[in-house]
Amino acid sequence: MGLPADKSDATADRLAALTMPDGASWARIAREAASTRFQAMGLPGRRDEYWRFTQPDTLNAIQPPEAALYPPEDPPAFSALDRLSVVFRDGIFDPEASDDLALEGLEIERLSTATQADFHWAKDLYGVLETRGQDPVERPFAALNTAFATDGVVLRATKKILKPIHFRYLHEKTDSDAILHFVVRVEEGAELTLLEGGPAAARFNKCMEIDVADRGSFHHIRAQGRDHERRAVTHLFARLGEESTFKSFTLTANGRLTRNEAVIELTGDNATAHIAGAAVGDGDFHHDDTVFVTHDAVNCESRQVFKKVLKNGAVGAFQGKILVKEGAQKTDGYQISQSLLLDEDAQFLAKPELEIYADDVICSHGSTTGAIDEEALFYLRSRGVSASEAQDLLVLAFLAEAIEEIESEEIADDILTRLESWLVRHRG
Amino acid sequence: MLNIKDLHVKLEEEDKVILKGVDLDVPAGAVHAIMGPNGSGKSTLSYVLSGRDGYEVTAGAATLDGADLLVLDPEERASAGLFLAFQYPVEIPGVGNMTFLRTALNAQKKARGEDEVSAGDFLKLIREKAKSLKIDADMLKRPVNVGFSGGEKKRNEILQMAMLEPKMCILDETDSGLDVDAMRLVSEGVNALRDAGRSFLVITHYQRLLDHIKPDVVHIMANGRIVKTGGPELALEVENNGYADILEEVA
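Chains as they are written, first to last, in the numbering used here: chain A, 2 to 429; chain B, 324 to 574.
Derived from the structure by calculation, the hints contain no laboratory data. Please note that a few of the clues may not be correct.
[As the list claims (entries may be wrong)] From chain B, some residues computed to sit far from chain A (all C-beta separations above 12 Å):
#1 N326
#2 A353
#3 P412
[What the hints assert, rightly or not] If you want a taste of the chain A side facing chain B, the calculated C-beta under 7 Å gives, among others:
#4 W27
#5 L70
#6 Y71
#7 A103
#8 G106
#9 E110
#10 L163
#11 K164
The model shown is predicted, which means the values in this text are computed figures rather than measured ones. C-beta: ideal position from N, C-alpha, C; glycine also.
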C-alpha cells in the first residue's frame with residue numbers, strides 16, 4: 002500500500018533537500034536502508050495515530066521556521082559538575098570548545114570518523130536499535146535522522162566512567178537545522194552518565210541509540226534549554242540487558258515545539274528502566290512525550306513519570322505505553338502522567354496504554370489534570386508565604402516525583418535551581 | 324490587640340449572611356474563648372479574620388493593633404502577627420514540613436524588614452520547640468501534615484505557632500479529634516506561649532479545652548452574633564446546661 006499522493010510528494014520534496022553523508026559501506030547501507038524506511042512511512046500527519054496531539058508541520062517543512070537567538074543560560078546547565086564537555090554549535094561539533102575527548106574506559110569518536118572506518122563496533126547498533134523501534138509504531142523522523150544525520154558522536158563505556166559526559170548544544174543561527182545521531186554502548190558491568198543541555202538549533206532532530214549490556218548502567222539527564230523558540234523532535238532507543246539499569250530524566254522549560262520519543266526494550270531478565278520528565282511551559286509552547294516501553298524478559302521493572310506545568314495557552318501531550326510480551330512474567334510496570342494547569346487556557350492531552358500478554362505481572366497507570374490546590378495555597382499564605390512563592394512551592398511539590406528520579410543529588414539540585422528560577426521569571 | 328466592630332459577613336457565592344454584627348475586643352495578653360452551637364459563625368469569623376477567599380464583608384471593621392486587617396492579603400495578616408490554628412490542617416504532599424516553616428518564617432521576617440534566620444539557627448530553634456511538643460525528627464522531615472494523625476496535625480499547628488511567634492493566635496476547634504493526652508500536650512504548648520504581649524482567641528465547642536487553657540473571658544456566639552459575655556463560669560454553664568438556656572435568655 003502506497004502513501005497518499007500529497008504525503009508522498011511532501012516526503013519526496015523533503016528527501017530531495019537532504020544530502021546523505023559519505024561513509025564506509027556499512028554506514029552507506031544503513032543510511033540507504035533508513036532512507037527507504039523513511040520513504041515508505043512518509044512524513045507524519047495529523048491523521049497518524051501517534052500525531053493526533055501534535056502538529057508536525059514545522060518538523061515536516063523543508064526549511065525550519067526561524068528561531069530568535071537568546072543569550073545562553075547563565076550559568077549553563079551542569080556547569081558546576083566535573084564533566085567532559087562535547088560542544089555542538091547549531092549541530093556542528095566544535096573541537097575547540099570541547100574538552101579533550103580522552104577518559105579512562107571511554108571510547109568516543111565523532112560520527113563522521115566512525116562511519117568512515119571499514120570495521121567499527123558502532124556498525125552493530127547504528128540504525129539497528131532505531132529499526133527495532135519502528136515496530137509497531139512508526140517513527141519517521143528517526144529514520145530520517147539515521148539516513149541524513151550530519152554529525153554526532155559514538156561512544157562506548159567499558160568500565161565505570163568517573164565523569165559524566167556532557168553534550169552541550171548551542172544555538173547561534175536563527176535558521177539552523179541540525180540533525181544529530183548518537184550511538185552509545187555500555188559494556189557489561191560498565192557505568193555511564195550522560196548529560197545533554199541547550200536548545201541546539203532553530204530545528205533539532207536528534208536520535209540516540211543506547212545499548213546497555215548485562216549489568217551495565219546508564220544514567221541520562223537532559224535540560225533542553227530554556228525560553229527559546231526551537232522546534233525539536235528527539236528519539237531515544239534503548240535496549241537493556243540482564244540486570245542492567247537505564248534512567249533518563251528530561252527538563253523542558255519552554256521552546257516552541259518539543260516532541261520527545263523514547264522507545265525502551267527490556268530484553269534481559271531483572272533489568273530496570275525509569276524514564277521521567279518535567280516540563281514547564283508558558284505561552285507558545287507545545288510539549289509531547291511519546292514513550293513506548295516493551296517488557297520482553299522476566300522480573301523487570303519500568304517506571305514512567307511525566308509531569309507538566311502549563312499556562313497561557315501552553316499545551317502538553319503524553320502518549321505512553323507499556324507492552325508486556327508473552328513470557329515477561331513478574332513484570333512491574335508503572336506509568337503516571339500528570340499536568341498542573343495554572344490557568345484555563347492551558348491544555349493537557351494524554352493517551353496512556355497498557356498491553357499485557359503475561360499473567361503474572363503488576364502494571365499500573367494513571368493520568369490526571371488539575372489546578373493549584375486552593376486550600377493548600379491559603380494554608381501557606383496564612384503562614385506568611387506570599388501568593389507567588391506559595392504557588393511556586395506547590396508547583397515544585399507537583400514536579401517532585403519526576404525530579405526524584407534523578408539519582409545524583411548534585412544534578413537534581415542543578416535541575417531544581419533551574420526550575421526555581423524559571424518559575425520566578427514566569428510569575429503572574 | 325484584636326478589635327472587631329459590627330462585622331457583617333456573607334458568603335460570596337450565595338446570598339447567605341453568616342455574621343450579623345460581631346463585636347469583640349481582645350486586649351493584649353488576654354485569652355478569650357468563643358463557644359457556640361454548630362452553625363453560629365465561629366469558624367467563619369476565624370476564616371474572615373485570616374483572609375480566606377469566599378467571604379464578603381458587607382459592613383464593620385476588624386483591626387489588629389489598630390491596623391485594618393480586612394484590606395490585607397492573608398500573608399500580610401500573618402506578617403502583621405495574626406495566626407490561625409486550623410480546625411482541619413491542610414496536607415501538602417511534596418512540601419517538606421521544615422522547608423515550609425523556614426520559608427514562612429523568613430517570608431514574615433523579610434516582610435517586617437528583619438534579618439532572615441540562617442539554616443543552622445533555624446534547625447536549632449525548631450528542634451528545641453519540636454521536642455517540647457513531642458514532634459520527632461521524622462515528622463519534621465515529612466511533607467506538611469501528610470500521613471499525620473489528627474493529634475499530630477494539631478501539634479504541628481502549635482509548633483508553627485511557636486516558631487512564628489504571632490501576636491494574635493486564633494485556635495479554631497483545636498481540641499477536635501484530640502484524645503486526652505494529645506489535648507494536654509497541645510494545651511501545654513499553647514500555655515507556654517502565653518505572654519503579656521500575646522493574645523488568644525480560642526474557639527471551641529467544649530469546656531474541656533478550657534480546663535487546660537484557662538480563658539479570661541468567654542463569649543457565646545449564636546446566629547452570627549456574640550450574644551453573651553462572661554467569665555470562665557460561662558463555659559461551665561454551657562457544659563452543664565447546653566446552649567438552650569442561654570439562647571432563650573438572650574432571645
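Just pull the numbers of the violated hints for me, sorted ascending.
-> 3, 4, 5, 6, 7, 8, 9, 10, 11
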